Every structure is written in structure tokens, then in C-alpha cells.
Amino acid sequence: NAGVTQTPKFQVLKTGQSMTLQCAQDMNHNSMYWYRQDPGMGLRLIYYSASEGTTDKGEVPNGYNVSRLNKREFSLRLESAAPSQTSVYFCASNYYGQGSVGYTFGSGTRLTVV
Amino acid sequence: AQSVTQLGSHVSVSEGALVLLRCNYSSSVPPYLFWYVQYPNQGLQLLLKYTSAATLVKGINGFEAEFKKSETSFHLTKPSAHMSDAAEYFCAVSAYYNQGGKLIFGQGTELSVKP
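Chains as they are written, first to last, in this note's numbering: chain A, 1 to 114; chain B, 1001 to 1115.
Rather than coming from a laboratory, the hints here were simulated on the basis of the structure.
A quick note: this is a predicted structure, and the numbers were derived from the prediction, not measured.
Hints are supplied without guarantee of correctness; some may be wrong.
Said to hold, decoys possible - Away from chain A, derived, C-beta distances all over 12 Å, residues of chain B:
| hint | residue |
| --- | --- |
| 1 | Val-1011 |
| 2 | Asn-1024 |
| 3 | Thr-1051 |
| 4 | Glu-1064 |
| 5 | Ser-1080 |
| 6 | Ala-1095 |
| 7 | Lys-1102 |
Stated by the list, open to error - Incomplete in silico selection of chain B near chain A, CB under 7 Å:
| hint | residue |
| --- | --- |
| 8 | Ser-1028 |
| 9 | Pro-1030 |
| 10 | Tyr-1032 |
| 11 | Pro-1040 |
| 12 | Leu-1044 |
| 13 | Phe-1090 |
| 14 | Gly-1100 |
| 15 | Leu-1103 |
| 16 | Phe-1105 |
| 17 | Gly-1106 |
| 18 | Gly-1108 |
Using N, Cα and C, we set each Cβ at its ideal position, and we do this for glycine too.
Next up, chain A with everything else stripped away, as it sits in the complex (with noise of 0.2 Å):
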């Protein structure tokens, strides 16, 4: 099925580990992002890729890298994981075109730090 697609969709982490949160979209959008998901808080962008090859921070970076490697994929990696990273966290990937203009998300990912 088309669409984002997030993996893993549950992790565990102590603090210090590290992990890597993968994101794939296949519909051929130039466009896409990591958001958090925190209680109160909305969703708030961490980093974005406007196209392949190019890479922004968004409102949270902190504690985060990302890479863009290939148009299709986008992932997220946590060097150092803290309890303060524990959230939602959800890739979206975007089209323009038209006069039209639409998101996709992927259905997040569910990591705790302890």
C-alpha cells in the first residue's frame, strides 16, 4: 500500500543507548519530516528534508541527527537517548502540485527511555 511507513512502531531504550527510527515513503514526494508527539504539546517538526540531498532543523533538534538517503527514506537517530526524548514520533512526507498541496504520515512510533 502507498504510503509512510515507520519502523519500529515500539522500542524500549536505556538511557545512553542509541537507535536509529526508519522512515520510508513511496509515492515519490520531494518532502519530509520527523515530528514529536508530546501531552499538550502538538506535534513539534525535529528536523526536515525539502529534497533529497538537504537536510533543516526544525524546532527540537536537540539530541538528534537525520539523514536523507535516497528520496525515498528518512531516518532519525538518537546518539545518546535521554528520558526527555521519550515520546510520539511521527514521519510525514509531503506533495505539492497544482495548486494543491497534501501530507501523508506514517503511524508514529512509540519510544520510551528509561
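Dock chain B against chain A, hints included.
For chain B alone, kept in the frame of chain A given last:
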């Protein structure tokens, strides 16, 4: 830069009553505006979007929103609430041609529906 303010983190209505969820935006360029719904432990579902066509936008599940440029608002309404409308609602703004099409979200409004 774009930003969104949702007035009221919690809204409670009775079943059958009008639903009104408020959203004000700030944008330095003409915006695209969105409303999403999220049910517990689920992902985001698009309710409706404004992309500079008609200012009154109709969405799924009987929801609609009106873009008012003079008030910088994009409030979400539904004439008659159902129990199944209980969820969290997010307003979001983007300006695609500016800064890579970043979608900026409000803090969310949790809607409760009383029987």
C-alpha cells in the same frame, strides 16, 4: 514564519450540540491550513484543508471550517456532535513555497462529548 494557536486545550459539549474548535494562525505568506483528528493511540487523520480555493471548506464526518483572512482564523465546526467525535483535534499551517513546506501544529484541543 508560521505559527498556530488553538484556543482551549479541552472542550466539552453535549451530544447533539454545536462543536466549535478555535484556531488562529500567523503567517508571513498566504497559508495552507489543515485540521487533523487523532483518536486515542492512533495516528493523524486529515479532516479538511484550505488551499486558497473556497474559503468555506467541508471535510469528513460533517466537519467544516471557514478561512477568515481578516481575523487570521480557521475555526472548525460541526452542527451536531456525536459520541464518536471525542478525540484530539489539531490545527496546522504551512506555506509550501516557503521553507520546505514545513507543517506547523497547534497544541491541540481535546474534545469530550457528553451523553
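Does the nearest C-beta of chain A fall within a distance shorter than 7 Å of the C-beta of Phe-1105 of chain B?
This hint holds: Phe-1105 of chain B lies near chain A, its Cβ roughly 4 Å from the closest one there, short of 7 Å.
Chain A contact restraint for Pro-1040 of chain B - C-beta distance below 7 Å
Since chain A brings no Cβ nearer than about 12 Å to Pro-1040 of chain B, farther than 7 Å, the hint is violated.
In terms of Cβ atoms, is chain A entirely out of 12 Å range of Thr-1051 of chain B?
Answer for Thr-1051 of chain B: violated, closest chain A Cβ roughly 5 Å.
Since Ala-1095 of chain B was said not to touch the interface, does its Cβ keep a gap of more than 12 Å from each Cβ of chain A?
violated, 10 Å
Would the hint on Leu-1103 of chain B be counted as holding, given a Cβ-Cβ threshold of 7 Å to chain A?
Cβ of Leu-1103 of chain B sits 6 Å from chain A, so the hint holds.
Closest C-beta approach of Gly-1106 of chain B to chain A relative to 7 Å, hint status
holds, 6 Å
So, Gly-1100 of chain B near chain A? Judge it on the closest CB pair being under 7 Å.
holds, 3 Å
Regarding the hint that Phe-1090 of chain B lies at the interface with chain A, is the smallest CB-CB distance below 7 Å?
holds, 6 Å
Checking hints one by one. Is Gly-1108 of chain B an interface residue toward chain A, by the C-beta closer than 7 Å rule?
Holds: closest Cβ of chain A sits about 5 Å from Gly-1108 of chain B, inside 7 Å.
Are all C-beta atoms of chain A more than 12 Å from that of Lys-1102 of chain B?
Its Cβ does come within 12 Å of chain A, the nearest being 6 Å, so this is violated.
Quick check on the hint: Pro-1030 of chain B CB to chain A CB, less than 7 Å?
Pro-1030 of chain B check fails; min Cβ-Cβ to chain A is 12 Å, beyond 7 Å.
Hint status (Cβ of Ser-1028 of chain B to nearest Cβ of chain A, threshold 7 Å):
Check failed: Cβ of Ser-1028 of chain B comes no nearer than 17 Å to chain A, outside 7 Å.
In terms of the numbered hints stated before, the structure departs from hints 3, 6, 7, 8, 9 and 11, listed from lowest to highest.
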